[in-house]
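Use these hints to put chain L onto chain W, whose structure you have.
Going down the list, the sequences are from chains W and L. Going letter by letter, the first sequence gives residues 53 to 338 in this note's numbering. Going letter by letter, the second sequence gives residues 53 to 338 in this note's numbering.
These are calculated hints, taken from the structure and not from any lab test. It is possible that part of the hints are untrue.
Because identical chains cannot be distinguished in the list, a pair is counted as satisfied if it fits within a single copy or across any two copies.
Here are the simulated SDA-like cross-link-like pairs (lysine to any residue), alpha carbons at most 25 Å apart as the crow flies [unchecked claim]:
#	residue 1	residue 2
1	289	318
2	289	315
3	289	138
4	215	228
5	289	307
6	215	263
7	289	300
8	289	304
9	289	323
10	289	264
11	289	254
12	215	225
13	289	310
14	289	267
15	289	303
16	289	260
17	289	299
There are 2 protein chains.
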Amino acid sequence: MGERVAILGPGLLGGSLAMALVAQQRDVVVWGRRQQPLDHLKSVCHGVTVESDLDHAVADASLVVLATPIGVMPGLLRSIRQSASSGKLITDVGSVKAPIVAQAETILEGSSHLFVGSHPMAGSEASGIEAATAGLFDGARCLVTPHERSPADAVEEIAAFWKSVAMRVHQLSAEEHDRIVAHISHLPHALASLLVTTAIGDHPEWAAFCGGGLQDTTRVASGEPHMWTEIFLENRKAVLESLNAAESELRRLASIIESEEIEALNRFLLEAKELRDSHIVPQIQP
Amino acid sequence: MGERVAILGPGLLGGSLAMALVAQQRDVVVWGRRQQPLDHLKSVCHGVTVESDLDHAVADASLVVLATPIGVMPGLLRSIRQSASSGKLITDVGSVKAPIVAQAETILEGSSHLFVGSHPMAGSEASGIEAATAGLFDGARCLVTPHERSPADAVEEIAAFWKSVAMRVHQLSAEEHDRIVAHISHLPHALASLLVTTAIGDHPEWAAFCGGGLQDTTRVASGEPHMWTEIFLENRKAVLESLNAAESELRRLASIIESEEIEALNRFLLEAKELRDSHIVPQIQP
Chain W
53 MGERVAILGP
63 GLLGGSLAMA
73 LVAQQRDVVV
83 WGRRQQPLDH
93 LKSVCHGVTV
103 ESDLDHAVAD
113 ASLVVLATPI
123 GVMPGLLRSI
133 RQSASSGKLI
143 TDVGSVKAPI
153 VAQAETILEG
163 SSHLFVGSHP
173 MAGSEASGIE
183 AATAGLFDGA
193 RCLVTPHERS
203 PADAVEEIAA
213 FWKSVAMRVH
223 QLSAEEHDRI
233 VAHISHLPHA
243 LASLLVTTAI
253 GDHPEWAAFC
263 GGGLQDTTRV
273 ASGEPHMWTE
283 IFLENRKAVL
293 ESLNAAESEL
303 RRLASIIESE
313 EIEALNRFLL
323 EAKELRDSHI
333 VPQIQP
Chain L
53 MGERVAILGP
63 GLLGGSLAMA
73 LVAQQRDVVV
83 WGRRQQPLDH
93 LKSVCHGVTV
103 ESDLDHAVAD
113 ASLVVLATPI
123 GVMPGLLRSI
133 RQSASSGKLI
143 TDVGSVKAPI
153 VAQAETILEG
163 SSHLFVGSHP
173 MAGSEASGIE
183 AATAGLFDGA
193 RCLVTPHERS
203 PADAVEEIAA
213 FWKSVAMRVH
223 QLSAEEHDRI
233 VAHISHLPHA
243 LASLLVTTAI
253 GDHPEWAAFC
263 GGGLQDTTRV
273 ASGEPHMWTE
283 IFLENRKAVL
293 ESLNAAESEL
303 RRLASIIESE
313 EIEALNRFLL
323 EAKELRDSHI
333 VPQIQP
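Chain W extracted, bound-state conformation (with noise of 0.2 Å):
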């Protein structure tokens, strides 16, 4: 673990890959096509490496990990088989798995380079460089997502990785994982979107008399439009799969409001209750 890791790209979750990392004297090279977003990395973040060049970034590290939008992944994955002269293991942060493993394969197939999809579920609304802490995996759960030809050791190595900056690691399927996280992520994105327009979206002055109830469960609505565009998109099987769910239970709680039956409309919401507080306890966050 003592070798060079290149973080492409220093957004919240690159930026504070290399905090965590730095802070333990790794030594580490963030690239971004942009300066000022590795100009204020370096100014919070003594030791690090910042480059603009994307060969010279990768040339010299072992592990790679690619921390940009997925859309930018495969343009990345690409340029590092042209140019990268040692094998490289390669790893991601996106959000959706099955599509980035897939073209990793392809682009990948026949060259020295392993790539090991990952998702360490960390980060909040909040987005950018300047949003980055050192502490923000402590804790947190990464998913990693080998498909059936990854070598265990190039596996193992990914998963010490996430370890190795307070994570808890799980491994699973990426077309697992693409499910999962439609549901217990992606879903409650949308519910919470789409609450803000129907709460408000007509009045948004009745918002001045909302409490803690609406605050809380749109919070995530705040997060970054593009970024949750590119996730919906690309995970758009599992989404619409979790969506129609959804839609099936608003309307068999609308049916039970509407016939007014008493017990059953309890018996809804004591069983949302007890699922809740049995099994969604409070995660260590930062």
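For chain L alone, kept in the frame of chain W given last:
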């Protein structure tokens, strides 16, 4: 404001109200059917009078606050009408206003008692006297819902009462109140509950991978099911209207995702983000 206040119902709101008033050396009697909450209140709020006989509790009070579940309120109003010799000014803390305002009108017609509905928008997913705190109302909103026949001085007295516990008071009609809270409070609760069952109902183990997003988005679903059953049924018409509007937004979002309309999806999410960031600002909450 130096006269006795009778609070009927020693729950979260009634108990907190008693604590806030007693802290100001006000003369407060709290009535409850069961002894345990009264004993608890007495132990944490020295100076409060507790009473399990309704007629005694109300006899010497000038102001009566109904702080029970909504369904219990009509019975309490009938008791007051039957037993109280002097005219009382009566208000409540119910989350739905049109039904109780209409019932109070009928029950108290021709008596010397006056009812002006209130909805102090304080509280949380916690409930019961154990969660009560003197600061619960500090800075929170209180919606007062007079009808056209409410005497102005009675309305003014109720408004002044809530202001005396540091609430920010607004007046509007009971019907407008119910439509607003359906959208900004009852709909968030409904969506939070159905989100829990949709996200992890079939796979509670998936919750292990959830972050702060699902946790915050579903927080209110931990609320007391009986109370929310009552609220949804009392405010049935407005709640169904808001649920139907949410379903339309859900379908609109799903259709945009299905047809991969990048620009429309980005606009949808951006509109929600901008609405939230501009209007759903942190409230002063205990």
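What are the numbers of the hints the structure violates, in ascending order?
Number 3 - this is the single hint that the structure violates.
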